[in-house]
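Construct the complete structure from the given sequences, taking the supplied hints into account.
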Amino acid sequence: MKRRKERIDRGIKARASDIFALTSWREMLYLAAPRLIPIVGLIVLAFALSAYWQRVLLSVSVFALLAISWDILAQTGMISLGQALFFGTGAYLAGIMNHYWGWPPAVTIPLATIVGGLLCTVFLIPVLRLRGIFFSMVTLVLPLMLVRIIEATRIFGGTEGLSGLTALPSRWVEIYVLVFVLLAALFGFRRMMSSDFGLILKGINDNDRSVMNAGINIYWYKIQALFIASSIGAFSGAFLTHVYLFVGMPVFALDYSILPIASAVVGGIGTLAGSTLGAFILVPLSEILRGLGGLRIVIYGLFLVVFTVAIPEGIFHYVQRKYHQFERWVEVE
Amino acid sequence: MAASPLLRVSNLYKNFGGVQAIQDLSFELTEGELLGMIGPNGSGKTTAVNLITGFVKPTEGDIFYRGKNITGRAPYKIVRLGVARTFQMVKPFYQLPAYKNMIIPLYSPRVKQMTGGKYGDRDAVALDLLEEVGFERDAHVAYKTASVLPQGYLKRLELAKAIALNPDLIILDELFSGLSLAEVASIVPIIEKLRQQGKSIIMIEHRLKELFRIADRIIVLNYGEKIADGKAAEVMQSEAVKNAYLGSE
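The listed protein sequences derive, respectively, from chains P and E.
Count the first sequence with the working numbering and you get residues 1 to 333, in order.
Count the second sequence with the working numbering and you get residues 1 to 249, in order.
Worth double-checking, as some hints may not be accurate.
[Stated by the list, open to error] Simulated pairs of lysine-lysine, PhoX-like, Cα-Cα distance not exceeding 20 angstroms:
(1) Lys242(E) to Lys209(E)
(2) Lys57(E) to Lys202(P)
(3) Lys91(E) to Lys202(P)
(4) Lys77(E) to Lys112(E)
(5) Lys231(E) to Lys242(E)
Think of the hints as simulated: they come from the structure by calculation, not from any bench.
And the structure:
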């Protein structure tokens, strides 16, 4: 007797796209679980972890935010190689406001988020007309240039950076503010991308001429996407500045550009949730591998290769597909 | 004083490097007219459309729409004035269902202007528009992703996207190409209905038989130059047109 695996889409999904017939707690749970798990999971995790792993969670959340920021740009057809530009600009702005003017974190972080977003958008407006790799190259170069400017002119502490910045009230404030912002960004921007506004952004990626042909100014929409993405990046930079109590040239490092892309690729591009999931896998993995010394990068690299070859669509897309299916073995004659 | 034309193209030139794509093209389009534009492959028909709709900037010459000079304006600004076009190569948003493809034109500032910001339910409007161009409402074609739709429906979708903008001038770039006779026959009434609504239409076509039946006037292009302009029957009698299509003896 031969057997084969049968896949059936869950009944609830087969109904109309926005009418759900909730007949049992199981169906309600089925719908709620994908939202509840990250929310409850993060809140509990932030509470239960040791001080060291809380620091790791901070770092994970920051990279998740950067990956979300990257993903929003990618969905609009702008492949950025320079999330470090957004991160570093936010970090320096918060540092400057705190160090020179003595403003408290409650002022510097929100202000650095918005001003940083505006600054980065202004930096990139001249290259918005560039497509594909040309846009990417400029985003890659800009943070590297800023580092050299700081080094050469010795502004903002030069190579020493600015230290002794004001700390956040406690580590609980640190972790919970960041976790809350991450969840808000994840769910909020996911909703945004599935709204009609998000549809325009995705349309620009798909076929920008067709969007132009609808009388829509695609550059204005690209600018908005850019502002949103760079604000997210600037926030994470500003926030981490007040955690590390220091800002210096490393904030423009390549890590902040590359790791978010790796997260999005491993987790799955185009969902924001995938990017977040990717960060939650890659950053802790990098911590766990710390004991391996020199071989750490090799194992890490191998892991990336294996993952992208095994699940090229990204973990999130894979899990999402499986979640909506029943599988069972049936006999065939 | 005669009414000014809806569209006036005057002494238009376009060079791509050394290639003269359009040379000294001038024509007028009166309101409510259906103008056919024909010519052999590479004769500059699509370039002419790209010039009018702003996707390509002319080397020389002017384009007036309702007496306003629109030469070299950005495409999205020209659309807002009421000029909509379809593309020869249909490239829908493949990942989206057909009716979601309609959301983007419905989001247009032009539509917003005309509805006073009250869009209503865009999905419902999208489905109505699709029904107008022949998406049967009961057959659920409108809900299928664009990537699985046959060419006939993609062309209809392209047409619906242009109609959604409620334009005064519609430019159809080879709408009939790649369609079966039956499909063409089912789209012709849609175009006739647009004319009854008073829309002006420019059609670029290779399917001359169908075009001649509905066009008021025909322009023939060859190597970027206008070689004939007039009623279909007159145009086809012209020696220059015969030479362009059949080659001179």
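Against the structure, the hints:
About 16 angstroms separates the Cα atoms of Lys242(E) and Lys209(E), which keeps this hinted pair within 20 angstroms; it holds. Of the supplied pair hints, the one linking Lys57(E) and Lys202(P) is violated, its CA atoms being roughly 27 angstroms apart against a limit of 20 angstroms. Using a Cα cut-off of 20 angstroms, the hinted pair Lys91(E) and Lys202(P) holds, with the two alpha carbons roughly 14 angstroms apart. For the suggested pair Lys77(E) and Lys112(E), the alpha carbons sit about 14 angstroms apart, so the restraint of at most 20 angstroms is met.
Restraint check: the Cα-Cα separation between Lys231(E) and Lys242(E) comes to about 15 angstroms, which is no more than 20 angstroms; the hinted pair holds.
The structure does not agree with numbered hint 2 stated previously, though it agrees with all others.
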